[in-house]
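Its first residue numbered 22, the sequence shown is counted upward by one per residue in this note's numbering.
Keep in mind the hints are simulated off the structure, nothing from the lab. We treat Cβ as the ideally placed atom computed from N, Cα and C, and that holds for glycine. Among the hints, a few may not be true.
Straight-line Cα separation of at most 20 Å, DMTMM-like style, residue types lysine to aspartate or glutamate; simulated pairs [said to hold, decoys possible]:
{"#": "1", "residue 1": "Lys154", "residue 2": "Asp179"}
{"#": "2", "residue 1": "Lys129", "residue 2": "Glu156"}
{"#": "3", "residue 1": "Lys132", "residue 2": "Glu156"}
{"#": "4", "residue 1": "Lys63", "residue 2": "Asp127"}
{"#": "5", "residue 1": "Lys129", "residue 2": "Glu184"}
{"#": "6", "residue 1": "Lys132", "residue 2": "Glu155"}
{"#": "7", "residue 1": "Lys129", "residue 2": "Glu155"}
{"#": "8", "residue 1": "Lys175", "residue 2": "Glu156"}
{"#": "9", "residue 1": "Lys175", "residue 2": "Glu155"}
{"#": "10", "residue 1": "Lys132", "residue 2": "Glu184"}
{"#": "11", "residue 1": "Lys63", "residue 2": "Glu75"}
What follows is a set of in silico ranges between Cβ atoms, one per label pair, in the way DEER data are often shown [what the hints assert, rightly or not]:
{"#": "12", "residue 1": "Glu156", "residue 2": "Leu133", "range": "23 to 29 Å"}
{"#": "13", "residue 1": "Val185", "residue 2": "Ser71", "range": "26 to 32 Å"}
{"#": "14", "residue 1": "Gln73", "residue 2": "Leu39", "range": "14 to 20 Å"}
{"#": "15", "residue 1": "Phe76", "residue 2": "Ala151", "range": "30 to 36 Å"}
{"#": "16", "residue 1": "Glu184", "residue 2": "Ser71", "range": "18 to 24 Å"}
{"#": "17", "residue 1": "Glu75", "residue 2": "Gly180", "range": "29 to 35 Å"}
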Amino acid sequence: MYFLLLLKESKAGGGWALVDGHIYWAGGITKSLLERVGYSMKLYRHNIRSAQPEFWECVSHSKELQQYEPCALALGRTIYFLGGTKFPDMGDNYEGRHCGEAYNIDTKSWKLLALNVQDFAPIFSRKTTAVMKEENDVTVVCCSFRAGNLLFYKLNLDGFKVEVHPNFNFSNSLPN
22 MYFLLLLKES KAGGGWALVD GHIYWAGGIT KSLLERVGYS MKLYRHNIRS AQPEFWECVS
82 HSKELQQYEP CALALGRTIY FLGGTKFPDM GDNYEGRHCG EAYNIDTKSW KLLALNVQDF
142 APIFSRKTTA VMKEENDVTV VCCSFRAGNL LFYKLNLDGF KVEVHPNFNF SNSLPN
């Protein structure tokens, strides 16, 4: 999408959601002036009706996680970022991919979610996130083609389940 080209800091791999005419974008790879790669903890917002399509506003910083390829979705005025991919240069201490965070637009606050998922790397997840609602129960489903897993995250309980589906594992057939 064209708006990805307009972000100044984050170049690729973030997650986005649309809320009340604003695109919210978080995570992804960053590039510094020295061309060093990093991973963003910033949350940006863009008004889709703006006369300045290049204008993105940093509205918050995540307190916990650097996200790359998170499952992202909005429910009401809360944006959820779940999971992510680990890069080799992050070392063994990087736990961001095991977790999730929620950003409440009204209170401008972050909440760390109870996610603790080992190696849930949701490549293409931005295209495969689904939400199931049954009365007061809301479940988010993310698919990881790289790992061959489905992640079921129950928002009401702040609990999760991972199911392994070998037929979904396309990691050996992905182009290099």
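Taking the hints in turn, this is what the structure says about them:
About 15 Å separates the Cα atoms of Lys154 and Asp179, which keeps this hinted pair within 20 Å; it holds. This hinted pair does not check out: Lys129 and Glu156 have alpha carbons roughly 27 Å apart, beyond 20 Å. About 24 Å separates the Cα atoms of Lys132 and Glu156, which puts this hinted pair outside 20 Å; it is violated. For a cut-off of 20 Å, the pair hint linking Lys63 to Asp127 stands: about 17 Å separates their Cα positions.
Of the pairs offered as hints, the one joining Lys129 and Glu184 is violated, with about 33 Å between alpha carbons and a cut-off of 20 Å exceeded. Our distance criterion of 20 Å between C-alpha atoms is broken by Lys132 and Glu155, whose separation comes to about 24 Å. A hinted pair counts as satisfied when its Cα atoms are at most 20 Å apart, and Lys129 with Glu155 does not qualify at roughly 28 Å. Distance restraint check for Lys175 and Glu156: the Cα-Cα separation of roughly 13 Å lies within the 20 Å cut-off, and the hinted pair is therefore satisfied.
Of the pairs offered as hints, the one joining Lys175 and Glu155 holds, with about 11 Å between alpha carbons and a cut-off of 20 Å not exceeded. Between Lys132 and Glu184, the direct Cα distance comes to roughly 25 Å. Violation of the 20 Å bound is thereby established for this hinted pair. This hinted pair checks out: Lys63 and Glu75 have alpha carbons roughly 17 Å apart, not beyond 20 Å. For Glu156 and Leu133, the Cβ-Cβ distance of about 27 Å falls inside the hinted range of 23 to 29 Å, so the restraint holds.
Val185 and Ser71 have their C-beta atoms about 44 Å apart, which leaves the hinted 26 to 32 Å range violated. Checked against the hint of 14 to 20 Å, the pair Gln73 and Leu39 passes, with Cβ atoms roughly 18 Å apart. At about 31 Å, the beta-carbon gap between Phe76 and Ala151 stays in the expected band of 30 to 36 Å. For the pair Glu184 and Ser71, the supplied restraint of 18 to 24 Å is violated, since their beta-carbon distance comes to about 41 Å.
Taken as a hint, the range 29 to 35 Å is violated for the pair Glu75 and Gly180, whose Cβ atoms sit roughly 41 Å apart.
Hints 2, 3, 5, 6, 7, 10, 13, 16, 17, counting from the list given before, are not met by this structure.
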